[in-house]
Amino acid sequence: MARVSALETLEREIERIGIQPASTHTVSVVPTGLRVLDDLLPDGGLPRGRVVEWSGPPSSGKTAVLRASLERLRRDGESVALIDGTRALYAPDWVRLVPGEGEFWVVRPGSALEATWCADLLLRSGAFGAVALRIAEPATTLGRGVSVRLQRLAEEAAAVFVTMGPVAIASLRLGFRPGRIQPLRDTGFGPFLPPFRPVWVRVGKRGATEVPVLCPVPIQRCLPITRDRKGPL
Amino acid sequence: MSRLRPARIASVRTDPAVDDAAEDATGNATHRLAVALLAGSPRVAVVGPGWSRVDARGWDRRGGEVALAHTLQQAAQEADFGHVRVGVADTAVVADAAAAVAGESGIRIVEPGGAREFLAPLPLSLLPLSDELIETFRVLGLRQMGDIAARDVSELEARFGPDGVRAHQLSQGIDARVFRAFDAGEAPETALELDPPVDTLEPLLFVLRHLLARTCEELADQGLCAARLELDLRGQNGTETGVAVPARPTRQERLLYDLCRAALERTTGPGGRLTTPVEEVVLRVARSAAPDARQEDLFTRRWRDPMAAASALSRLGVRLGSGGVVRPTVRADHRPESRSVWEPVEIGYGSCMAEPEAPDEAQTPGVLHLLSEPQPLRVRTAEGRPAEMWGDAGHHELVAAEGPERLSGDWWKDPYHREYFRVCTEAGDLLWLFREYRPSGTFRWWLHGWWD
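For the protein sequence lines, the chains are A and B, in the order given. Quick note on the working numbering: the first sequence kicks off at 228 and runs consecutively. Quick note on the working numbering: the second sequence kicks off at 46 and runs consecutively.
Simulated from the structure, these hints should not be mistaken for lab results. Check each hint, because a few of them may be wrong.
[What the hints assert, rightly or not] Over 12 Å on every C-beta distance to chain B, these chain A residues come out as not near it, computed from the model:
{"hint": "1", "residue": "E235"}
{"hint": "2", "residue": "T236"}
{"hint": "3", "residue": "D270"}
{"hint": "4", "residue": "G370"}
{"hint": "5", "residue": "R371"}
{"hint": "6", "residue": "R400"}
{"hint": "7", "residue": "G431"}
{"hint": "8", "residue": "A435"}
[Stated by the list, open to error] Selected chain B positions facing chain A (in silico; Cβ < 7 Å):
{"hint": "9", "residue": "V370"}
{"hint": "10", "residue": "P373"}
{"hint": "11", "residue": "D474"}
{"hint": "12", "residue": "W496"}
[To be verified] Sample of chain B residues at the chain A side, in silico, Cβ under 8 Å:
{"hint": "13", "residue": "A354"}
{"hint": "14", "residue": "S356"}
{"hint": "15", "residue": "G368"}
{"hint": "16", "residue": "R372"}
{"hint": "17", "residue": "W387"}
{"hint": "18", "residue": "L416"}
Glycine included, each C-beta is placed from N, C-alpha and C at the ideal position.
With the rest of the complex left out, here is chain B:
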């Protein structure tokens, strides 16, 4: 699908950098800068001390991005920040680099699509990578972003894991970090005293509807959505707090009610009875965000409502609990069960949409399934490789085996030493076995997973 308006981001940094520690309260200067930048765009994200990013879209008819950059500079000057550097580009990483290398004018604009060329001669220190990784790259002779971008990504992945892939993407200007808009207003908060105190769920839900209606009205007035709601139940024995997090910032009363209700139900005992009588209910928007508006294309494909997806996913999350709605991620770890991570992720406004890689039709790899707990096996080996196995699923003769692939590590906390084999049973099952050595020198066989 084509995006009619590509994402453009302006990165704004004070020059010299703001020292928040010198302010009367930490973050004051940063907060002041972010508020000042609202003059240029309603969507401002705080990145660090004296450093913010601004949604740079919408200036086409107001003088373009140069006018936006001047407006941001002027707003910062009026807030007593002196000189600020502004970089405008397609993604956050490119905009940050542009701000860092902006010349005397303090403004550098990277035209759409020009990220890779712009980044190529710049030093790696401008990328948000760990010092250790940058130093390793330096030792290997990779000093500029172009050096990393020119490498084969699989080569970097093999050597550095996910960090290598990320470095490769960043060096090309691909940046999937979420843009979290800063909220300068007061968080809406509504409260209601209950006299007499209530000790069952039903009257509390009645009150909740009323509070949510007021909260959603306030959010609508401010042009905001709730990204996190907190519900305080105050009683004689203290305060109990329930939390509701929609999958996408919203002010849909019905959805927020369902989520708050689920949060309340988790705190009640049998028969909907509360653990302690509640004297006051406070509903607070702990985190708000601007509505997530995406430009869709009317003609290329059926339009699908992202809010409908968020609503369905939120309901699933409530019902299935933590870990019920997830996305796959990879952790830099050699132990297979630690490498595979299913992570609950909040949906947000993506500052960059990386294109998925094209699948290779000639090579459709098998899909690995890991058992939640490895199953013990008895194995007969021949020439050092498994040839026969007995387990919960019975006896299998193995017609092929490949290995060992030796894995060991974590000697400082939970040492392991394993030899993995990929085997094929006579029935055609493709299994993943490992032999785990104990410190005593003995070993035991385990079934860890299978391919399908």
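Bound-form chain A, shown alone:
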């Protein structure tokens, strides 16, 4: 019993260390490039030197929001590294991040273990303003030891560190959920309005906000689809 209690105390202590970095300087943040999301984030942006967990089901828009955030950092001239464990990203979607001061690199590891090693190396170099880690599905949870080490490295590098997948200890957790597809409201573009699908983002326990993400399915041109048993949608 005493051993269990000691273990729990130790875990709480690790969590405390993970959440509160050793140094006491003010947390600097970088805007995500999406004002509605920045308004919801604790200090108005993504914190530097902390582990930020980014989670949600497929097609929930989490990669779109990640790209918008990295794009914003690139506009500020920060070097950005994206570790793509899925090896499934479509290059033309990321070309916009290449030009400008600083550099944009994509690292493509072969396994989840290799991916965390890459994150360790890139953060340790101190040369990147942001490192994003995408682990292939099914994503394994990053353990406590790894999380704490990566947080320490991110803090030393004053870098934004985002991990797309479950992580044992994170200072900030963003949960993504797809909303209903709907056409854009009164944009003045005429009858062929680009539709969008809102993405619901929950920041820790602070509630949720809606981020518009363009949907690749222009729904007003394809409905209705009839189904055998249930009739028209």
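Model the placement of chain B on the given structure of chain A, informed by the hints.
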């Protein structure tokens, strides 16, 4: 971040053009010109026969860019090149155009920020574009650079793909080509005979440290960095060559050692045993470059060391192999899997830093993910569009579908005929399906990717 000293480039062309074929060895005249131009700047890049570019920075206190241009002309004359034209501008494409249209004096200087105005009335033939593209522009009534610059870039992209975007950028003086400095000196080369021959990795690594120390010393004496190292292992059965390419030119002994070691490890068998005993090791700097010095701003942001990035990326490249560290590029191809290219790129000195476009906050597009191999599907259609699908991930009813977007081509090598649909499942997944037609007229459904 502001750049305290903007990049300035001088383009130097012989007039008339040098005919290398008439020389005793191809490239001799070009080489002689590049060596002569070192009188004006330590960084000279060879572009083509009788044509070089020079880093034009650093002449502020020596009479400015006009003095630099006169110095380059004089140096070329002393090397028996007669008259040369010199253009100085912010980027390579503008400097080349300025050299081409330089008047009687042979000197044309385009002031910083004046590229677009200068280029506007000039003909498209001065841009480094394919003859075919220039002819197409001509037929469409676009004859001057200003005509291209005035067009909407998305319009050019839709019609000409990446070539159209490039033409649009070049016509505004935006040029992201890398400036590769010419190396006039002898490439450092160190060698060591091994007696008796060694057949394991450990003694070879010991020798490698010694060779690298000497090589880095020589590089430091010459003020150069190694951009590519070649390591020859000579034995009775011939020579085996390992190659080490750092992500950025460097003379950091530790980093070069790690890269050479990784190259050697790739040639060894189990237990670090070499395939054949090595009698001599030769370490050669196959390509060198001037140190890449960038002016950073002390006050606006935390300074990040580009060499630290290069070191980390080099180590990742060694560990992950080819395709492990990449940048996104686009190829002009309609087939989606061919259009998406992740390209390993060497980091170099950029002669132009184009600003990234501002993201549109109101329209954050979804990000496409392509499967490495399309997955087969069974699909039920309704009114010509997918309505239900069965695949590895199970059964899904589709609540929305858009298409078809028809793609076909490559009839001369690997023909394809596809109809793409964008669909939304009842669970909210946004998927990309296609129906591939075979020559027999039958078809098959595939899942190609998803959006997130």
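Q: Taking the numbered hints from earlier one at a time, note which ones the structure violates and give those numbers from smallest to largest.
A: Result: no hint breaks.
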